[in-house]
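Student: Following the hints, complete the assembly by docking chain B onto the known chain A.
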Amino acid sequence: DSGVTQTPKHLITATGQRVTLRCSPRSGDLSVYWYQQSLDQGLQFLIQYYNGEERAKGNILERFSAQQFPDLHSELNLSSLELGDSALYFCASSAQGSSGNTIYFGEGSWLTVV
Amino acid sequence: AQSVAQPEDQVNVAEGNPLTVKCTYSVSGNPYLFWYVQYPNRGLQFLLKYITGDNLVKGSYGFEAEFNKSQTSFHLKKPSALVSDSALYFCAVGVGNQGGKLIFGQGTELSVKP
Numbered sequence: 001d002s003g004v005t006q007t008p009k010h011l012i013t014a015t016g017q018r019v020t021l022r023c024s025p026r027s028g029d030l031s032v033y034w035y036q037q038s039l040d041q042g043l044q045f046l047i048q049y050y051n052g053e054e055r056a057k058g059n060i061l062e063r064f065s066a067q068q069f070p071d072l073h074s075e076l077n078l079s080s081l082e083l084g085d086s087a088l089y090f091c092a093s094s095a096q097g098s099s100g101n102t103i104y105f106g107e108g109s110w111l112t113v114v
Numbered sequence: 001a002q003s004v005a006q007p008e009d010q011v012n013v014a015e016g017n018p019l020t021v022k023c024t025y026s027v028s029g030n031p032y033l034f035w036y037v038q039y040p041n042r043g044l045q046f047l048l049k050y051i052t053g054d055n056l057v058k059g060s061y062g063f064e065a066e067f068n069k070s071q072t073s074f075h076l077k078k079p080s081a082l083v084s085d086s087a088l089y090f091c092a093v094g095v096g097n098q099g100g101k102l103i104f105g106q107g108t109e110l111s112v113k114p
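Protein chains in written order, with the working numbering: chain A, 1 to 114; chain B, 1 to 114.
Careful, some of the hints might be misleading.
[What the hints assert, rightly or not] If you anchor each label on the Cβ, the simulated ranges turn out as follows:
id: 1; chain 1: A; residue 1: GLN44; chain 2: B; residue 2: ASN30; range: 22 to 28 Å
id: 2; chain 1: B; residue 1: LYS69; chain 2: A; residue 2: PRO8; range: 25 to 31 Å
id: 3; chain 1: A; residue 1: GLY42; chain 2: B; residue 2: SER28; range: 17 to 23 Å
id: 4; chain 1: B; residue 1: ALA5; chain 2: A; residue 2: THR15; range: 33 to 39 Å
id: 5; chain 1: B; residue 1: SER3; chain 2: A; residue 2: THR112; range: 42 to 48 Å
id: 6; chain 1: B; residue 1: ASN55; chain 2: A; residue 2: GLN67; range: 38 to 44 Å
[Claimed, not checked] Straight-line C-alpha distance at most 20 Å; calculated SDA-like pairs for lysine to any residue:
id: 7; chain 1: A; residue 1: LYS9; chain 2: A; residue 2: VAL19
id: 8; chain 1: A; residue 1: LYS57; chain 2: B; residue 2: PHE104
id: 9; chain 1: A; residue 1: LYS9; chain 2: B; residue 2: ARG42
In case anyone wonders, no lab produced these hints; they're calculated from the structure. Cβ coordinates follow ideal geometry from the N, Cα and C atoms, glycine included.
If we strip away everything but chain B, and leave its shape as in the complex, we get:
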């Protein structure tokens, strides 16, 4: 069965510093990997996805993620964090022969302090 793990419940960074939110996955086929962000009392917003090709994926709001097949990871990164980046981040995985559904990790609360 496919699964996603986000090992950190919370990540704290100072504004202007680089940030990383970690994600590892387990699937039996080729993974399709996604990152979403959820602001308080809002729905999930799509940030970026990896389907195939270049391992470094660029997304919305300056975020990027690196797909590492050998480590089964898909960490979300941003070179310089903003206070407005503070939110709940979800990593998700889909598998090629199981339709379009996504399985989500437990989420990581990102807090960026001035």
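The following block holds chain A by itself, in its conformation from the complex:
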């Protein structure tokens, strides 16, 4: 158990809908990361937050947004969902947001868009 908690574990929704994925980082970790894993794209970095502020942005679509709250938990909002958004979404956390920190992953949220 990495200590990173993600909910929900599984989610099935229809095209055009909006969902929110939630993440609680490891106790004491200030930085949160979101990744998307799919068969065709592999593991793609989406976005990183550090202590409530956006630190780095990757291949995140404009239909997707995220935030980190004062209690350090994070949410990833996915809107106007398309079939291609079906994937495993990981949240991860690290103590600081700097290079070399070990990043610990949650178990992921499986999103199926039908």
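Tutor: Coordinates of chain B only, in the frame set by chain A:
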């Protein structure tokens, strides 16, 4: 831009034999290199990392990796493979001035047969 390559989609070894999973990287600064393992329907588990210092890094479950700057490689090794080592292995790289995010390779499926 930084990138990671795992040239083998799949590696097959017999139980008890040594195993190697290959990884090469491309970065413009000092690399921070990681290996993670993913079991079916699970999150990524941290195995080991290279930040600086000794080129041979030891990690969890008997795994080790050797950093080779001249060949820009960071191959994962284990002297004696177990059937339970069968999983998907990811190499990842971070760069010093780009926060804590990691860029992952496409993954290598390791299959260890009795």
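Student: Each hint needs a verdict: does it hold in this structure or not?
Tutor: Okay, the hints, checked on the actual structure:
The supplied range of 22 to 28 Å is met by GLN44 (chain A) and ASN30 (chain B), whose beta-carbon atoms lie about 24 Å from each other. Hint check: LYS69 (chain B) to PRO8 (chain A), Cβ distance near 43 Å, so the stated range 25 to 31 Å is violated. At about 22 Å, the beta-carbon gap between GLY42 (chain A) and SER28 (chain B) stays in the expected band of 17 to 23 Å. With their beta carbons about 34 Å apart, ALA5 (chain B) and THR15 (chain A) fall inside the hinted range of 33 to 39 Å.
Distance hint check: the CB atoms of SER3 (chain B) and THR112 (chain A) are about 30 Å apart, inconsistent with the given range 42 to 48 Å. A hinted range of 38 to 44 Å holds for the C-beta pair ASN55 (chain B) and GLN67 (chain A), which are about 40 Å apart. The straight-line distance between the Cα atoms of LYS9 (chain A) and VAL19 (chain A) is roughly 13 Å, inside the 20 Å bound, and the hint therefore holds. In summary, the hint linking LYS57 (chain A) to PHE104 (chain B) is supported, as the alpha carbons are separated by about 15 Å, within the 20 Å threshold.
For the proposed pair LYS9 (chain A) and ARG42 (chain B), the alpha carbon gap of about 11 Å is at most 20 Å, so the pair holds.
Hints 2, 5, counting from the list given before, are not met by this structure.
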